[in-house]
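Work out the full structure, taking the sequences as your base and the hints as a guide.
Here's the letter readout for the chains.
Number of protein chains: 2
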Amino acid sequence: MPIYNAPLKDMEFILNDVFKADEFWKNNQNLAHIDRATASAILEEMAKFAKHVILDLNRPADESGGAQFNNGSVTTPAGFKEAFKQFADGGWVGLGASEEWGGQNMPKMLTVLADEMIWSTNPSFMLYPLLTVGAGMALNDRASQQQKQTYLPKMYSGEWSGTMCLTEPHSGTDLGIIKTKAEPNADGSYQISGTKIFITSGEHDLCENIIHLVLAKTPNAPAGSRGISLFIVPKYLVNDDGSLGERNAVAAGSIEHKMGIKGSATCVMNFDAATGYMVGNENEGLAAMFVMMNYERLSMGIQGIGASEYAYQNAAQYATDRLQGRASTGAHSPEKPADSILVHADVRRMLLNVRANNEASRAFAVYVGQQLDITKFSTDAEAVEKANHRVALLTPIAKAYLTDTALQATLDAQMVFGGHGYIREWGMEQCIRDLRIAQIYEGTNGIQALDLIGRKTIKCNAGYMGEYLAEIRESVASLDDALTIKAKTLAICQQVEDLTQFIVEQAKTQADFPSAVAVDYLHAVGLLSFVYMFARISQAAQSKSEAFYQNKIMLGEYYVAKVLPDLAARAARIQSGASVMMQFQHDYFTAQA
Amino acid sequence: MPIYNAPLKDMEFILNDVFKADEFWKNNQNLAHIDRATASAILEEMAKFAKHVILDLNRPADESGGAQFNNGSVTTPAGFKEAFKQFADGGWVGLGASEEWGGQNMPKMLTVLADEMIWSTNPSFMLYPLLTVGAGMALNDRASQQQKQTYLPKMYSGEWSGTMCLTEPHSGTDLGIIKTKAEPNADGSYQISGTKIFITSGEHDLCENIIHLVLAKTPNAPAGSRGISLFIVPKYLVNDDGSLGERNAVAAGSIEHKMGIKGSATCVMNFDAATGYMVGNENEGLAAMFVMMNYERLSMGIQGIGASEYAYQNAAQYATDRLQGRASTGAHSPEKPADSILVHADVRRMLLNVRANNEASRAFAVYVGQQLDITKFSTDAEAVEKANHRVALLTPIAKAYLTDTALQATLDAQMVFGGHGYIREWGMEQCIRDLRIAQIYEGTNGIQALDLIGRKTIKCNAGYMGEYLAEIRESVASLDDALTIKAKTLAICQQVEDLTQFIVEQAKTQADFPSAVAVDYLHAVGLLSFVYMFARISQAAQSKSEAFYQNKIMLGEYYVAKVLPDLAARAARIQSGASVMMQFQHDYFTAQA
Numbered sequence: 001m002p003i004y005n006a007p008l009k010d011m012e013f014i015l016n017d018v019f020k021a022d023e024f025w026k027n028n029q030n031l032a033h034i035d036r037a038t039a040s041a042i043l044e045e046m047a048k049f050a051k052h053v054i055l056d057l058n059r060p061a062d063e064s065g066g067a068q069f070n071n072g073s074v075t076t077p078a079g080f081k082e083a084f085k086q087f088a089d090g091g092w093v094g095l096g097a098s099e100e101w102g103g104q105n106m107p108k109m110l111t112v113l114a115d116e117m118i119w120s121t122n123p124s125f126m127l128y129p130l131l132t133v134g135a136g137m138a139l140n141d142r143a144s145q146q147q148k149q150t151y152l153p154k155m156y157s158g159e160w161s162g163t164m165c166l167t168e169p170h171s172g173t174d175l176g177i178i179k180t181k182a183e184p185n186a187d188g189s190y191q192i193s194g195t196k197i198f199i200t201s202g203e204h205d206l207c208e209n210i211i212h213l214v215l216a217k218t219p220n221a222p223a224g225s226r227g228i229s230l231f232i233v234p235k236y237l238v239n240d241d242g243s244l245g246e247r248n249a250v251a252a253g254s255i256e257h258k259m260g261i262k263g264s265a266t267c268v269m270n271f272d273a274a275t276g277y278m279v280g281n282e283n284e285g286l287a288a289m290f291v292m293m294n295y296e297r298l299s300m301g302i303q304g305i306g307a308s309e310y311a312y313q314n315a316a317q318y319a320t321d322r323l324q325g326r327a328s329t330g331a332h333s334p335e336k337p338a339d340s341i342l343v344h345a346d347v348r349r350m351l352l353n354v355r356a357n358n359e360a361s362r363a364f365a366v367y368v369g370q371q372l373d374i375t376k377f378s379t380d381a382e383a384v385e386k387a388n389h390r391v392a393l394l395t396p397i398a399k400a401y402l403t404d405t406a407l408q409a410t411l412d413a414q415m416v417f418g419g420h421g422y423i424r425e426w427g428m429e430q431c432i433r434d435l436r437i438a439q440i441y442e443g444t445n446g447i448q449a450l451d452l453i454g455r456k457t458i459k460c461n462a463g464y465m466g467e468y469l470a471e472i473r474e475s476v477a478s479l480d481d482a483l484t485i486k487a488k489t490l491a492i493c494q495q496v497e498d499l500t501q502f503i504v505e506q507a508k509t510q511a512d513f514p515s516a517v518a519v520d521y522l523h524a525v526g527l528l529s530f531v532y533m534f535a536r537i538s539q540a541a542q543s544k545s546e547a548f549y550q551n552k553i554m555l556g557e558y559y560v561a562k563v564l565p566d567l568a569a570r571a572a573r574i575q576s577g578a579s580v581m582m583q584f585q586h587d588y589f590t591a592q593a
Numbered sequence: 001m002p003i004y005n006a007p008l009k010d011m012e013f014i015l016n017d018v019f020k021a022d023e024f025w026k027n028n029q030n031l032a033h034i035d036r037a038t039a040s041a042i043l044e045e046m047a048k049f050a051k052h053v054i055l056d057l058n059r060p061a062d063e064s065g066g067a068q069f070n071n072g073s074v075t076t077p078a079g080f081k082e083a084f085k086q087f088a089d090g091g092w093v094g095l096g097a098s099e100e101w102g103g104q105n106m107p108k109m110l111t112v113l114a115d116e117m118i119w120s121t122n123p124s125f126m127l128y129p130l131l132t133v134g135a136g137m138a139l140n141d142r143a144s145q146q147q148k149q150t151y152l153p154k155m156y157s158g159e160w161s162g163t164m165c166l167t168e169p170h171s172g173t174d175l176g177i178i179k180t181k182a183e184p185n186a187d188g189s190y191q192i193s194g195t196k197i198f199i200t201s202g203e204h205d206l207c208e209n210i211i212h213l214v215l216a217k218t219p220n221a222p223a224g225s226r227g228i229s230l231f232i233v234p235k236y237l238v239n240d241d242g243s244l245g246e247r248n249a250v251a252a253g254s255i256e257h258k259m260g261i262k263g264s265a266t267c268v269m270n271f272d273a274a275t276g277y278m279v280g281n282e283n284e285g286l287a288a289m290f291v292m293m294n295y296e297r298l299s300m301g302i303q304g305i306g307a308s309e310y311a312y313q314n315a316a317q318y319a320t321d322r323l324q325g326r327a328s329t330g331a332h333s334p335e336k337p338a339d340s341i342l343v344h345a346d347v348r349r350m351l352l353n354v355r356a357n358n359e360a361s362r363a364f365a366v367y368v369g370q371q372l373d374i375t376k377f378s379t380d381a382e383a384v385e386k387a388n389h390r391v392a393l394l395t396p397i398a399k400a401y402l403t404d405t406a407l408q409a410t411l412d413a414q415m416v417f418g419g420h421g422y423i424r425e426w427g428m429e430q431c432i433r434d435l436r437i438a439q440i441y442e443g444t445n446g447i448q449a450l451d452l453i454g455r456k457t458i459k460c461n462a463g464y465m466g467e468y469l470a471e472i473r474e475s476v477a478s479l480d481d482a483l484t485i486k487a488k489t490l491a492i493c494q495q496v497e498d499l500t501q502f503i504v505e506q507a508k509t510q511a512d513f514p515s516a517v518a519v520d521y522l523h524a525v526g527l528l529s530f531v532y533m534f535a536r537i538s539q540a541a542q543s544k545s546e547a548f549y550q551n552k553i554m555l556g557e558y559y560v561a562k563v564l565p566d567l568a569a570r571a572a573r574i575q576s577g578a579s580v581m582m583q584f585q586h587d588y589f590t591a592q593a
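Residue numbers (full-length UniProt numbering), protein chains in the order written: chain A, 1 to 593; chain B, 1 to 593.
Simulated from the structure, these hints should not be mistaken for lab results.
Only a predicted model underlies this, so the values are computations on that prediction, with no experimental measurement involved.
One thing to keep in mind: the hints can contain errors.
Note that identical chains are pooled: a pair holds if it fits in a single copy or bridges any two copies.
Claimed, not checked - Using 20 Å as the maximum straight-line C-alpha spacing, the simulated SDA-like pairs for lysine to any residue come out as follows:
(1) LYS488 - ALA571
(2) LYS544 - ASN5
(3) LYS9 - ALA223
(4) LYS488 - ALA572
(5) LYS544 - ALA591
(6) LYS336 - PRO169
(7) LYS48 - GLY253
(8) LYS376 - TRP101
(9) LYS85 - GLN104
(10) LYS544 - GLN585
(11) LYS336 - TRP101
(12) LYS336 - GLU159
(13) LYS81 - ASP141
(14) LYS181 - HIS332
(15) LYS508 - ASP272
(16) LYS336 - ASP587
(17) LYS488 - ALA568
(18) LYS336 - GLN585
(19) LYS85 - LEU237
Next up, the structure:
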């Protein structure tokens, strides 16, 4: 049976030693409700819930075939209903939500750590509250006061859940071509008609009502993405007194059979002149939805960390227990029939790849979380503006780079098990299947890379990147010169700055250039970000002699020696541009040889 | 429904234009039974079988849960029995086997292409004949004439099948610690007792008998791998007249539930004083088994090509059909609601990664096949010796590099589908799950890397590599100087030569060094090999103006620009050595933070 123990000491190290959360909270009047002791208590409680409640539901949910669809209804896997009630009753759905609507208003740099534990132990379970929180954010940002009063308290209490209905069979990345229609009724509501696919938690048995946020086009709306509006479409209409009214004309037509996250119901949703209520202004639906999308995108990165941490813990334990072969330097445990496979450098290579990924990714998520907290809680307008730039720049990294590296990490961890990693009972193969979707949904990682290189870099003439590089350079100045990571980080800053300038220049004359090099650029910025995180970690550890801290510095050295070299490959690919891709004719790709 | 069309034109190009098979066959008296027309006919027949018989069985075998175990018996998925009979009746099991035992004695450079088609369309099906062929090779090499007469004709006719029983619960990579015992009987046979796991085709309903090749230890055998013998243990004992006798004391205890290749029965086999017959000499079992293992290892590489080709064909078709967004350079199909996603450079990047992998991998498999053919059919002792060195050096590349790159290729292909790639019905996720085992079984890819860097490089003081580099340099000398791949290939030769020398030097004083850099070295040699294949392909195409040939050269340019840069990262990792891994204490890996 797979194991999991929340890495609380590592989490507190990142939160308190690296990012000085307590100081940050004390210096911010809007964060007076949180302190170090409260944060620790929250993490400890979630650690128990993850380990003792939802971990045990994870393998059976997959083995049993996951969520089951029957005549319009969805039954979640055994135990999910009870666990979700416990989760909701514990106030976890509204952990980061406004106190006005029943939330706890906890800072993001803390909630990312709590979320990681759920992602580690039961990603299918996590998706049920996740979409509710995302939908809540969009409503909080754009809905009328009355709409907020009607929906948000019930959503944050876990009585109702939320969805985001964007994708249609012919329309995924390109939302400008959606066909779902919204016809106005006399009373100000709309009739929503169309089919949405890939709707996470579109139907399930955990909550008494489901609040769908639906993108649709009003009559005479402009073509393309400028003509999309956002609507609330509740599964059950809500009476004026807040009680549930009649069933709305929205229903699940089927659920998808997927590679993983089988416990999560991924639904085809049919809207048949369902009653809907516009959120915000007409034709501004996409912007409203992006409030939610950005939240989800950071969450996908945390899904990556969760999977990678879970994979690491299990692989490290297996490697310790598995006796096979002898150390190259002579028997390590001559009294045993063979040595633990931990003696083999190649096994350490895999484990250290995973561990380095976990520690850098976690630091990065807390770092981005802190930037989000500045945008939300700070009263310093200049700081808010800078943090907004940082969040804009780094959200694609958080989503795509953290899931790309996590997939590789889980594959490395599976390989530590040899043949046993391929057998279902060890849990590693499910971990990989469940994680793979994180690279695909909420905007594929390729789309994230286009967002980074286009809107976030070329469009602002690399301004956001310039601010980020300035911060990194200033930050590492206080590092001990004896730490190799100091010079390395500064060198990487220069290299990424040069690459960025090269891209901005090339894009001026070659329209295909950004798309051709986007993924490589995203990885270059990801590598810069992770080496920066190890620089921050080393900074927090440099004056402490205990093994716990010295190991942090050594892991940074491992990262620089064994992972960072990928930057040279990324840079060479960026230099080689677009022509080697674009020179092929369209029919080349499918011509039968 | 997933599609597949055997890439016959590409295959014939590699066989005839690049490696001049016809000339090779004509100049070799032992290959007089094969010519170009016969080879084409064989490939065309297999293409039909793959497309019209086993492709349709592939998805249902997975969806239905695969092979089913019931009270010691295994039922293969629907249609497998009829398809296997058709396969056996067609003479396919013995395609490469000696005519003396009913085979067709076809050269390996041809059979790798036929095998690729089966791996593309139904990898679970392929595993049933594959193990028979491998077991047949071990018997052909080491068994007595009487043993050969008894078993081989029935195995090559497909009436009986074969297995290889190596792994035990506590003993995988480290076969020196196996516990299965062989006690001598008075009649010269042995009683075999023990438990073997992960036995592919250990039990099934396709054949009337199953011939297990089992590694076991005789009484007083030396400790470790020098004390292992090989035994034939038939499921049903064979009477002197060749008819089936009584059931032997060997039975499947269960089958594994796996990530993929669910149609293949992976069995726990219990030997309870089963009657066995020693093959070859006592204590030489491991060497006998390695005859088979090397054969299987090349097959795993072909499994990679098969999956990658299948993934490419489906992704390219999807990309052509899927309309989403507009080209960066302006609408490509203004009459349609959106352009085919083929207009996007990032989509082309993924497709070209896969296609470049297919064409280089396929060329490499044929190249290694030709080297194997020289070792088997040539009468020139010097040529045989050189080919033996080449096969020794490149078998780990064929097994590990071709499966590492294939997994990445199938992941790229899945990503082309966006969310649809994660849905089971499109077949892409099954392709990945089925392929993943190829990196793990028959010696994990990490073990292959250790074999390459240890036995195949350091042990011979890089002699095999020196011969390989000399061949590459000589071969590219005739390339047109205008082709960028010429200078690039020569530069890479120098780089890999330098890395190899560096490794040989470091290994003299650092016992952990080879294990620490083995996987990176394997990838470096893999990249060298693939650029060499593109050089050979460009050589065959350089004088021809048709698009088919010019596209081959352009794909080589893509490879050099976008894939080969990984070599810089591999080299940097090799330079950074072992200390960053070995400096951590053992308990670091599992210490609860």
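Going down the list of hints, with the structure as the test:
| no. | hint | result |
| --- | --- | --- |
| 1 | LYS488 - ALA571 | both (16 Å within a copy, 18 Å between copies) |
| 2 | LYS544 - ASN5 | neither (25 Å within a copy, 63 Å between copies) |
| 3 | LYS9 - ALA223 | neither (53 Å within a copy, 45 Å between copies) |
| 4 | LYS488 - ALA572 | both (19 Å within a copy, 14 Å between copies) |
| 5 | LYS544 - ALA591 | between (63 Å within a copy, 18 Å between copies) |
| 6 | LYS336 - PRO169 | between (59 Å within a copy, 16 Å between copies) |
| 7 | LYS48 - GLY253 | neither (37 Å within a copy, 38 Å between copies) |
| 8 | LYS376 - TRP101 | within (16 Å within a copy, 78 Å between copies) |
| 9 | LYS85 - GLN104 | within (17 Å within a copy, 66 Å between copies) |
| 10 | LYS544 - GLN585 | between (60 Å within a copy, 18 Å between copies) |
| 11 | LYS336 - TRP101 | neither (61 Å within a copy, 46 Å between copies) |
| 12 | LYS336 - GLU159 | neither (56 Å within a copy, 44 Å between copies) |
| 13 | LYS81 - ASP141 | neither (29 Å within a copy, 61 Å between copies) |
| 14 | LYS181 - HIS332 | neither (69 Å within a copy, 28 Å between copies) |
| 15 | LYS508 - ASP272 | neither (47 Å within a copy, 75 Å between copies) |
| 16 | LYS336 - ASP587 | between (61 Å within a copy, 17 Å between copies) |
| 17 | LYS488 - ALA568 | both (13 Å within a copy, 17 Å between copies) |
| 18 | LYS336 - GLN585 | between (62 Å within a copy, 19 Å between copies) |
| 19 | LYS85 - LEU237 | neither (23 Å within a copy, 61 Å between copies) |
Violated hints for the displayed structure, listed by number in ascending order: 2, 3, 7, 11, 12, 13, 14, 15, 19.
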